[in-house]
Amino acid sequence: MKKILNNPKEFALDTLKGIYAAHPQDLTFVEDDLHCLIKKDLVKGKVGIVTGGGSGHLPLFLGYVGDGLLDGCAVGDVFQSPSSEQILNVTKAVEQGQGVLYLYGNYSGDIMNFEMATEMAEMDDIRTEHLVCGEDVASSKKGEEHKRRGVAGIFFVYKCAGAKADELASLDEVKRIGEKAAANVRTMGFALSPCIIPEVGKPSFTLADDEMEIGMGIHGEPGINRTKLLTAKELVQILMEKIIEDLPYNKGDEVCVLLNGLGSTPKEELYIMYKETAEILEMKGIKVFHAFIGEIATSMEMAGGSISLLKLDDELKKLIKKPCYTPFYCQKEL
Amino acid sequence: MAIGIDEFKGILKVLKERFAEKKEYLIEMDSIMGDGDLGITMSKIFAAAADEAEDSTETSLGKLIMKSGMTMAKAAPSTMGTLMASAFMDAGKVLKEKESIEISDWSLFFGGMKSGIVKRGKTKVGEKTIFDVLSPVADYLLDKNYDSEKTLFEDLTSYAASCLEKTKDMEAQHGKAACFGEKSKGHVDAGATVAYLLIETISEYFGATA
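In the order they appear, the protein sequences are chains B and D.
Everything in the first sequence is counted per the numbering used here, starting at 211 for the first residue and increasing by one.
Everything in the second sequence is counted per the numbering used here, starting at 51 for the first residue and increasing by one.
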């Protein structure tokens, strides 16, 4: 293992200390627990949106806490769910009288702990609703979408729900928008190399130098096909074919595209992939409203990435266009 | 013999030692189909529970068991950490008023663990999880009588081993392993292994003290 750290056990904690030191004007924590991260300037009367999940995915999850996006994040250790108590602490801190939307990925540890948090929040008369995102086409077959795991495409759900909450919409409305965005996102990933959990100290899988895996998840979940290294064109064709046919995305649709790097893949390579993606979409008569390219949901030093598409309608498009700001992501009005 | 607070603290202590020993083994096993953090989770939760219990002045055994669960939930809230925490919390609730566990109460203890796992994990038998050991084990004890903890746990350990073995033929439905589908067959489940180790370790505790 070759990582910059002090103590593998303190990896998440030291990361959080660095984040609070770097962004004191934007982020803080509650209950004396660095894992309970909230936005500094909460908006009165707004539905709170809380996410949570393991460390090791920056900017996912806490990187989307900020203006026009999320209000708080319960941060777990590397690839581990936060505790229900941490989620509850964040919930209590961001609640502004309108209830709280729990927006997180489809992982069993997270689901259990968010459900436990709901049971505890009810004791404090805080209403919570859950929106579990899973858009990784490779993680479960068509017809079993409820088993799919949440990956980079959750960004679009954050963006739409966050912008809607900013309009001071009700909890039900914010949830409806989030569900609509989630229903219209599809993602496919791939990996060229594994990552190492600091406390484990060695990779959880291996790929030969000339191999890649198609459909890999962000914790190294196995994909659907291991193959010799493909060209960008061949790779994007495979990924796009799976994504487009799954919703499906049809001629005349307007979409946002998200090219996500997993941590060790340079932006140059993502742009090469985008060129291929844009060509396929043009050929299919699908219009691109906006492309988001960069690291949105990583897996530490894993090389690889994913493509996500969000199908737009007028309502979602209006929300995607809205500006937003966090220390990790900011966007002007589109 | 009845198990009081001090004996239960002793059991937690041997569980702490055993799961520390098995840390690498469980990491390796979990790496085949999971995230590879199972060994870390298990060593953390039993260390936290044993350490907290040692300093506890709690006089109700049920409450001590329940608090052990709550400690686990905080120590490592990953899937297996949360499930084990829920299992201990429910086992504690079932034994809430008791100051000691009689031989016949072990059926209640495992019944509580079973209900905690069902409630939190929404799983059923055959889905290749910890439940595939804990559920049949709880049912197994229902109509049995034993004359000592030693014989109870020796019998239960061999039954748990047979339940564990059966998970080899199951196809994973939960967590990362579910991604493997048909390919998840052929290995025993890592979570079910944790349940087996728990029972085997308690058995060794009684073997050593008998």
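In short, the hints are calculated from the structure, not lab data.
One should not assume that every hint holds.
In silico lysine-lysine, DSS-like type, Cα no more than 25 Å apart, as pairs [what the hints assert, rightly or not]:
#, chain 1, residue 1, chain 2, residue 2
1, D, K233, B, K357
2, B, K351, D, K72
3, D, K194, D, K73
4, B, K357, D, K72
5, D, K233, B, K352
6, D, K235, B, K352
7, D, K169, D, K200
8, D, K172, B, K351
9, B, K219, D, K72
10, B, K213, B, K227
11, B, K227, B, K212
12, D, K124, B, K227
13, D, K117, B, K351
14, B, K302, D, K72
15, B, K357, D, K235
16, B, K357, D, K143
17, B, K461, B, K443
18, B, K352, D, K63
19, D, K174, D, K148
20, D, K73, B, K219
21, B, K412, D, K174
22, D, K117, B, K302
Residues from chain D that keep clear of chain B, each with C-beta distances beyond 12 Å, as calculated [claimed, not checked]:
#, residue
23, E57
24, D85
25, D101
26, T107
27, S150
28, S154
29, K172
Distance windows between CB atoms, simulated [to be verified]:
#, chain 1, residue 1, chain 2, residue 2, range
30, D, M51, B, A418, 37 to 43 Å
31, D, Y196, B, G411, 31 to 37 Å
32, B, K528, D, K235, 36 to 42 Å
33, B, G411, D, G236, 42 to 48 Å
Treat the numbers as computed from the prediction; the structure is a model and nothing was measured.
The beta-carbon is built from N, C-alpha and C at its ideal position, and this holds for glycine as well.
- Task: Against the structure, test the hints numbered earlier, and report the numbers of the ones violated in rising order.
- Result: 2, 3, 4, 7, 13, 14, 16, 18, 19, 21, 24, 29, 30, 31, 32 and 33
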